[in-house]
Amino acid sequence: MQSKTLSGFTQSFAQVNSVKLSVHTAGTGKPLLLLHGYPQTHATWGKIAPAFAQKFQCIIPDLRGYGESSTPVTDSEHTPYSKRTMARDMIELMSHFGHKRFSVIGHDRGARVSYRMALDHPERIKRIAIIEVVPTAEMWDRFGAEMAIKAYHWTFLAQPAPLPENMIKANPITYLEWTLKSWTRDNSLDVFTPEALESYREQFRDPAHIHALCEDYRAGATLDRQHDEENRKKGDKIKAPLFFLWAHKGFPAKTGNPLGLWQSWAENVQGHAVDCGHFAQEENPEAVTEHLIPFFE
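The numbers in the numbering used here rise by one with no breaks, and the one at position 212 of the sequence shown is 328.
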């Protein structure tokens with residue numbers, strides 16, 4: 117069916133790794149997977165997806181628990197929402213579309229899925245772009261007072277169920293819009309298209325998705341951190357060429373030297389700071405296409 121949120125894209129559903137994923141596709145050429153973050157959906161790519169689809173075959177899913185994808189039952193370890201499990205979703209999804217090797221762009225939580233894929237499945241990833249995160253273990257290591265205030269959601273959403281779920285459900289749209297605005301450069305919803313905002317609001321109207329999104333962060337505080345620390349202890353590095361984009365006023369900038377952090381995690385790193393808040397692809401789409409299209413060509 118024709119996508120309601122991504123111009124020129126077609127929506128379908130794929131059953132992979134025991135979940136049903138909503139997927140939007142368009143374009144021809146080399147395969148490129150685009151992965152969104154929190155509190156968003158595939159619609160975050162709406163301003164740049166048409167430009168990328170002119171150059172690449174773009175595959176844009178909703179991560180498990182997000183958007184129109186399914187919300188699997190969790191377990192006591194939060195395994196179904198670990199980035200390792202989500203990475204397996206994406207590996208199987210790309211196999212579903214016939215791609216053994218592919219490139220990936222990830223923003224926020226999608227970036228964490230992206231680099232986990234590159235570490236766990238290095239033979240599958242050709243090139244990787246990371247937007248606006250540093251590795252999970254590094255982020256937790258830098259949780260001083262300033263970071264704890266700015267990234268309060270990391271600890272809030274990771275609290276045991278149903279505390280954060282119940283608090284969000286009391287007024288989900290207000291919580292969502294406060295979060296979106298507070299992470300932009302200008303503290304405004306104006307950078308988001310009406311179609312994207314409605315997509316984000318729709319998932320926050322569903323208690324099952326609210327729970328799934330909290331599970332994502334519970335995994336981030338436990339399994340994801342553990343997996344990163346295991347890689348760091350072994351000295352594992354991402355082999356695929358990596359391009360890192362970060363915002364002048366975003367979360368990674370608060371770590372002091374975000375590009376240097378990625379250089380310790382990958383063998384071949386380049387990067388650039390962008391004038392925006394946390395949502396580069398929506399706040400400054402021109403900069404994202406300017407830097408990343410040549411990187412993937």
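Treat the hints loosely; a few may be bogus.
Calculated lysine to any residue pairs in the SDA-like style (CA-CA distance at most 25 Å, straight line) [claimed, not checked]:
1) Lys-242 x Pro-401
2) Lys-216 x Lys-349
3) Lys-242 x His-343
4) Lys-350 x Lys-365
5) Lys-146 x Glu-254
6) Lys-365 x Asn-400
7) Lys-171 x Ser-186
8) Lys-349 x Leu-377
9) Lys-355 x Glu-254
10) Lys-266 x Pro-410
11) Lys-136 x Glu-346
12) Lys-355 x Lys-365
13) Lys-171 x Thr-141
14) Lys-120 x Ala-274
15) Lys-355 x Ala-274
16) Lys-365 x Lys-285
17) Lys-350 x Arg-321
18) Lys-171 x Lys-349
Here are the in silico distance ranges between beta carbons for each label pair [stated by the list, open to error]:
19) Glu-208 x Ala-324: 16 to 26 Å
20) Asp-302 x Asn-373: 19 to 29 Å
21) Glu-406 x Lys-349: 33 to 43 Å
The set of hints was computed from the structure by calculation and includes no laboratory data.
Glycine included, each C-beta is placed from N, C-alpha and C at the ideal position.
The hints, checked one at a time:
Note on Lys-242 and Pro-401: the hinted pairing holds, with a Cα-Cα distance of about 23 Å set against a maximum of 25 Å. For the given pair, Lys-216 sits about 29 Å from Lys-349 by alpha-carbon distance, which is inconsistent with the 25 Å threshold. At most 25 Å may separate the alpha-carbon atoms for a hinted pair to count; Lys-242 and His-343 meet this at roughly 22 Å. Restraint check for Lys-350 and Lys-365: the C-alpha separation of about 32 Å exceeds 25 Å, so the hint is violated.
For the proposed pair Lys-146 and Glu-254, the alpha carbon gap of about 32 Å is over 25 Å, so the pair is violated. Proximity of Lys-365 to Asn-400 is assessed by CA-CA distance (about 13 Å); at most 25 Å being required, the pair is judged to hold. Taking the CA atoms of Lys-171 and Ser-186, the gap is about 30 Å. The hint is violated against a cut of 25 Å. Using a Cα cut-off of 25 Å, the hinted pair Lys-349 and Leu-377 holds, with the two alpha carbons roughly 15 Å apart.
Under the criterion of a C-alpha separation no larger than 25 Å, the hint pairing Lys-355 with Glu-254 is consistent with the structure, at around 19 Å. Restraint check: the Cα-Cα separation between Lys-266 and Pro-410 comes to about 33 Å, which exceeds 25 Å; the hinted pair is violated. With a C-alpha separation of about 30 Å, the suggested pairing of Lys-136 with Glu-346 is violated against the 25 Å cut-off. Taken as a hint, the Lys-355 and Lys-365 pair is broken in the structure, with Cα atoms around 29 Å apart against an allowance of 25 Å.
A C-alpha spacing of about 13 Å is found between Lys-171 and Thr-141, which places the hinted pair at or below 25 Å, so the restraint holds. Restraint check for Lys-120 and Ala-274: not satisfied, since their Cα atoms lie roughly 32 Å apart, outside the 25 Å limit. Distance restraint check for Lys-355 and Ala-274: the Cα-Cα separation of roughly 31 Å exceeds the 25 Å cut-off, and the hinted pair is therefore not satisfied. Between Lys-365 and Lys-285, the direct Cα distance comes to roughly 29 Å. Violation of the 25 Å bound is thereby established for this hinted pair.
Straight-line distance between C-alpha atoms of Lys-350 and Arg-321 comes to about 42 Å, which puts the hinted pair past the 25 Å bound. Proposed proximity of Lys-171 and Lys-349 is contradicted: the alpha carbons are some 38 Å apart, above 25 Å. Evaluation of the 16 to 26 Å hint for Glu-208 and Ala-324 yields a pass: the beta carbon distance comes to about 22 Å. Hint check: Asp-302 to Asn-373, Cβ distance near 26 Å, so the stated range 19 to 29 Å holds.
Between Glu-406 and Lys-349 the Cβ separation comes to about 37 Å, which falls inside the hinted range of 33 to 43 Å.
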